[in-house]
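Colleague: Sequence:
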Amino acid sequence: MKNEEALSKSVQEAYKQIAKSYIKKVRSGSLDHRFIEPFLALFSPGQKILDIGAGTGEMSEEMSSHHQLDVTGIDFSPEMVRLAKKEHPAVRIHRMDLRKLAFPAKTFDGVFAMYSIIHIPEGDVPDALAGINRVMKPGGYLYLALQEPRHVMQKDGFYPVVYNRKINMFINLITEKEMAAYLRKAGFTIKNVNRRPPHMETEYPFTKLFIVAQKKKAA
1 MKNEEALSKS
11 VQEAYKQIAK
21 SYIKKVRSGS
31 LDHRFIEPFL
41 ALFSPGQKIL
51 DIGAGTGEMS
61 EEMSSHHQLD
71 VTGIDFSPEM
81 VRLAKKEHPA
91 VRIHRMDLRK
101 LAFPAKTFDG
111 VFAMYSIIHI
121 PEGDVPDALA
131 GINRVMKPGG
141 YLYLALQEPR
151 HVMQKDGFYP
161 VVYNRKINMF
171 INLITEKEMA
181 AYLRKAGFTI
191 KNVNRRPPHM
201 ETEYPFTKLF
211 IVAQKKKAA
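Take the sequence shown: its position 70, counted from the start at 1, is 70 in the working numbering, and no numbers get skipped.
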């Protein structure tokens, strides 16, 4: 428990340090949009999306205003949530641990989790995915942005351009094969997988992995 609390605090502290720079990075253009857009095209205006790890609310705002989706964002970092409410007052965003989703069952048509699952210990991943499945409607879609290869890192990471500082942050890297097994066990079917190499000047030097999965439809 103490180790888990230490990991959680490291993530909160890291995002507190980089919160304002994070806004600039996201606004400068995401390298992941070509993978995100096909996922968003699966939904119709007004459908409900949960943005897990919403950060400063940039993607929540985009999904809401550009795609007319009904978006609720959550983030574990108090500073990220504070900035999100300041920068995007129209966006609904709450401070919440993705492992303890406080929403009724079958609330959301889709879940968007961009580089958020990577900040919890691997032992928590199965329960986290089960919780995500619980709040999704049958047939709903899940978007996961991850990093691989397999490695658990708790050391300084260096963002030389965007953040210009060393960041002590817990990152759990999971392979496609491992995540596929977790998703199947949680009641999901993988629909699409993509990868891209890291942008070495602004990102951790790990391959970016994108998975779209679907919750089983009602019988």
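Please note: incorrect hints may appear among the correct ones.
Calculated cross-link-like contacts (lysine-lysine; reagent style DSSO-like; alpha-carbon spacing at most 27 Å) [unchecked claim]:
#: 1; residue 1: K208; residue 2: K191
#: 2; residue 1: K86; residue 2: K100
#: 3; residue 1: K137; residue 2: K86
#: 4; residue 1: K217; residue 2: K137
#: 5; residue 1: K191; residue 2: K177
Hints are computed from structural coordinates only; laboratory data are not their basis.
Values in this document were obtained by computation on a predicted structure and should not be read as measured data.
Colleague: Next step is simple, just say for each hint if it's right about the structure.
Modeller: Hints versus structure:
| no. | hint | in the structure |
| --- | --- | --- |
| 1 | K208 / K191 | holds, 17 Å |
| 2 | K86 / K100 | holds, 25 Å |
| 3 | K137 / K86 | violated, 31 Å |
| 4 | K217 / K137 | holds, 8 Å |
| 5 | K191 / K177 | holds, 14 Å |
Hint 3 from the list above is the single one not met by this structure.
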